[in-house]
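4 protein chains.
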Amino acid sequence: MYKYSVILGNLGNTCDRFCKGYKDNPSTEEMLAEAVKIPHVEGIELVGTWDIRPDNVKDMKRRMQDYGKTCVSIIPDVFTDKVYGKGTITNNDPAIRRKALDYLRKIGEIALEMDCKLVNMWMAQDGYDYLLSTDYDQKRDWLCEGTAALAKEFPTLKFALEYKPKEPRNFSFHARMADTLLAAQETGCDNVGICIDTGHSFYAGENTAEAVVLAKRAGNKLFHMHFNDNHGCWDDDMIVASVHSTVYIDLLFQLKKTGYQGWLSMDQYPYREHATDAIGESVLWVRRFEEIVEHNFTEIENLIRKDDAVETSRFMRKALFGK
Amino acid sequence: MYKYSVILGNLGNTCDRFCKGYKDNPSTEEMLAEAVKIPHVEGIELVGTWDIRPDNVKDMKRRMQDYGKTCVSIIPDVFTDKVYGKGTITNNDPAIRRKALDYLRKIGEIALEMDCKLVNMWMAQDGYDYLLSTDYDQKRDWLCEGTAALAKEFPTLKFALEYKPKEPRNFSFHARMADTLLAAQETGCDNVGICIDTGHSFYAGENTAEAVVLAKRAGNKLFHMHFNDNHGCWDDDMIVASVHSTVYIDLLFQLKKTGYQGWLSMDQYPYREHATDAIGESVLWVRRFEEIVEHNFTEIENLIRKDDAVETSRFMRKALFGK
Amino acid sequence: MYKYSVILGNLGNTCDRFCKGYKDNPSTEEMLAEAVKIPHVEGIELVGTWDIRPDNVKDMKRRMQDYGKTCVSIIPDVFTDKVYGKGTITNNDPAIRRKALDYLRKIGEIALEMDCKLVNMWMAQDGYDYLLSTDYDQKRDWLCEGTAALAKEFPTLKFALEYKPKEPRNFSFHARMADTLLAAQETGCDNVGICIDTGHSFYAGENTAEAVVLAKRAGNKLFHMHFNDNHGCWDDDMIVASVHSTVYIDLLFQLKKTGYQGWLSMDQYPYREHATDAIGESVLWVRRFEEIVEHNFTEIENLIRKDDAVETSRFMRKALFGK
Amino acid sequence: MYKYSVILGNLGNTCDRFCKGYKDNPSTEEMLAEAVKIPHVEGIELVGTWDIRPDNVKDMKRRMQDYGKTCVSIIPDVFTDKVYGKGTITNNDPAIRRKALDYLRKIGEIALEMDCKLVNMWMAQDGYDYLLSTDYDQKRDWLCEGTAALAKEFPTLKFALEYKPKEPRNFSFHARMADTLLAAQETGCDNVGICIDTGHSFYAGENTAEAVVLAKRAGNKLFHMHFNDNHGCWDDDMIVASVHSTVYIDLLFQLKKTGYQGWLSMDQYPYREHATDAIGESVLWVRRFEEIVEHNFTEIENLIRKDDAVETSRFMRKALFGK
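Chains as they are written, first to last, in the numbering used here: chain A, -19 to 303; chain B, -19 to 303; chain C, -19 to 303; chain D, -19 to 303.
For the record, the hints were derived by calculation from the structure and aren't laboratory data.
Check before you lean on any hint, since a few could be wrong.
Identical copies go unnamed one by one, so any copy, or any two together, can satisfy a pair.
To be verified - No farther apart than 25 Å at their CA atoms in a straight line, the calculated lysine to aspartate or glutamate pairs in the DMTMM-like style are these:
id: 1; residue 1: K298; residue 2: D39
id: 2; residue 1: K237; residue 2: D288
id: 3; residue 1: K286; residue 2: E147
id: 4; residue 1: K79; residue 2: E166
All of these numbers come straight from a predicted model, not from anything done at the bench.
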């Protein structure tokens, strides 16, 4: 079985663009105390600035140790600061590009201090909104240079680029698995890879299970996994299996087959739900799907060789209902 | 439990716009002989011209009786004749409008002869492709007049308008549940109602379970149900539950709660699959979901009153995995 | 030519779900002083609580008079208060339903005081997120009752229901034109109609020009218009014509043909743009499209009767390029 | 100005999956006689088997010479033969993989005979329909091997992989620009590149103008261009600019800026339109957009450096309306 983790901020107050959140906002310490109680969760992802800053690194490290939990990743906060509204390391303004890179370096140092092996880079503002207003080539140069500079300065860290087709920008540079693999390749750095967020992938048009294979073929580039579900056209950030089922089984099968070594992390926005319960549900669903793959690995291998939708349907009925 | 049926043509050669089909095309009689063997299937839908014509009504009626199966609906073929390329009863040409209405009348007569209670009207060509090229108001007048004329001439038949957002036209007049209810209301005829095709509904943006409630509120207007699945953006016409799960349970719950009295009919395009096996799988999946609703009706009633996604998730895990 | 207006809040700080806005937040008075300078703008829409409250009604009324501008609508703020997170007049909690209705009544009174003829009801929280967790029928009863109660208490006001397929909820009850017409009909109130937001309509799957005709056929139910553009899959709230062109001409033609009497109001989220300039651009685009319709009304009437995509294409080339 | 071409088959009878076409089917010779009359068209694309076979190569070559037109590409017909229903060079059956490769070789030889420089490979059947039924990794191995074998045997030909997210399969292996670049890279062959079909790209979620830049960055991999338009969610294969406008200008600007050397070819399915007129309209639209780019190249360069949506909007108004 894989190891499971959660993003700490998912336990807090998640807002939308109209309402500043439907809950009270607990402190980082309160959220951590709750997160560690979720069954099967052995690791935590921390968002820079929100959860982790130079001033609280020591304290957070001690707390994580006391709870016996691993710091799975640090996620740089490059999405809440308005200065990055038109891009971080792809901003037209060189001063902002420098500021962004300096901030990312600081996150790298924090990751080292926390004995955290992975920086999860969701470059949310690096994209564009309108057509005929962006020098795509220039901006991709800057994206490549900034990412490579960072990766080279921290050779012992892994940098996982988390892709998403849109939001907050109308188009992201890291949009889908294949685009992001091309961007990772351009850096020439072995320690730059990819993070799949299942929900981002579901509404990107790609098949998430196939995306795992693309990453494997490009040189074992899948570094991290975020789990959630949605209705297929937007990042609804829902409990796993609220909408889909088969795709998770195909995905977990391909993770195992391609030798994925990372964590399975839950990433939801439980706007109106009890946060730990909603996240805990996702853990239980993913584990159930994982069990199906564990118990039927050879049978699934045969299925995917047969390419017979009727056989697949029969297997799914048996897997879900036992008959 | 509901009664199950299949559309006969689904057992034949289903083509796409590039390839004229991936199978041999069996005769109507051969397909019928196969269809009646699918477990739990008690009724058959026949497509006009393909399966049923004035010249073979008597023969088909006798065959159905011999097999002990019900003729659940006749589906007028208003989609394969090129003369209807720019519309049937909404065509700009009055001669074509008349021809279409005459053909629909003939189908009405065949339905009466077959002791079939329902004409399933998929008005596939009644829509448009380009913007700024259609007199929407005029065409909707013709749509209403033609439908009303037919419904009044056959007061003992039910006419179910099957909606679909697009294909073969880029926009259909009967696009979603709500549009089609408005169209049905305009006719002023009690015997004009709606057919939901789950796949059409899935890629129309609406929630199929809620569509059932809209039809109920408009005066018990849900006359018929077609089942299949897709990946959420097109009419892939796949085996039920290949992609989705929860939505079928919500749908079957609402069917029961609103007192749906019709058939559950399978409607797929098993392009590359063994047809009867693929259709048989759909029957088994729908029945499994139906059992879940039967065995947990009161619990689901409580769930939908509670509006707690965590409870719903727990229920789904239990319903699917028994734990 | 139609009269043009803007929503005041569009000039302020528009945030997304990650960043609390990319601008400073000017005061209502500052925004008003800017809005009235946008060329061709004769009216203003005010959002309840943000812009207009019992304590500033008199002041705002005087300011609008001094500027010589009309208060085109009041938009109740039922989307920023967390108490309405699971619905306003459709909330499971009767106390919240009452509170919501009381708030809406207060907005009705403010509208009367402001000599404003229209309340624009975007019932953003009245929907649901998860399947199998909502009593659709019960909630639609409450939606109908609340809307009808309000409309009857304020018979001299018009209430425009603004539809949107999703966001902030994963599904809205007022989702598309046809659903919302059914909801308006259920109230039995002549003063309940519809507001089209072009962007909401673009990503709802419907054709906006046809939606105008649906509203006309249901009894001249189009009460109000919001303009913006998007990339077709989300409410990007962009400058008009950033992406689309033909659809606006078809839309403005149908507005004229169906005798629309209301305002054309701009509704954008210029997150990273200069607000008044971005809104001013939309005004100029809509006016350009309006001119095309004015100067070619009879020719367009012929086009839509002909149903010839080649003729439509030729017309568009001539209309846009003059050759 | 670029050189313009058309796909010959677009002048014929284009069918959908329900109706076997809305027109009569002219002969190849008749279509060619019509195609050469479309203003500005200097080249023709021929579909293997439909238009060009070993038995008519000499005749077609002479006809093209007589008309003074270039054979721009040969498109292998790997989409109409039912034997390829579950894949051509990715078929699980080695005999079918061999047959497909042999057929592609024959097309390579025909291309050489026709002095045609490009084979346009739309590998329509190489994908899959159902989840949990495909060995993605194995099939991508075969895809790579087959493509590389072909490219190496014909080192003087260019092979353009035309991507499309789905149809006829629910998922294509060559789905979007980035996936297809990765596939091209895997072959290690310089003469394997990409064909953009604008309509495929529009409904793939990517920005077509940015896709051009991705191809350039991967080593000038854009070999060919197909033009058409759609409503944003399906391959409607409509006249250019029926729906979109700005995206074409951004696209043509990026083509020029990245030094694209190929043809601009029209690829439509004028199901119900007069074929040559509909295709001729697309040519005129693309040329109009090309003129805008030609006349304003430096201004657009400044625009894309500025990243100011208001400036872009002003430019578009001026470009389209001259004021």
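task: Since the copies are identical, ignore which copy is meant and state whether K237 and D288 lie within 25 Å (CA to CA) inside a copy, between copies, both or neither.
output: within (20 Å within a copy, 36 Å between copies)
field: Homo-oligomer pair classification [E166, K79; C-alpha up to 25 Å]
entry: Classified as within; 23 Å inside a copy, 37 Å across copies.
task: Could you figure out if K298 and D39 sit no more than 25 Å apart (CA to CA) within one copy, between two copies, both or neither?
output: Neither: 49 Å inside a copy, 41 Å across copies.
task: Can you give me the call for K286 and E147, within, between, both or neither, at a CA distance of at most 25 Å?
output: Classified as between: cross-chain Cα gap 22 Å, same-chain 39 Å, threshold 25 Å.
Hint compliance for this structure: hint 1 is the single one not met.
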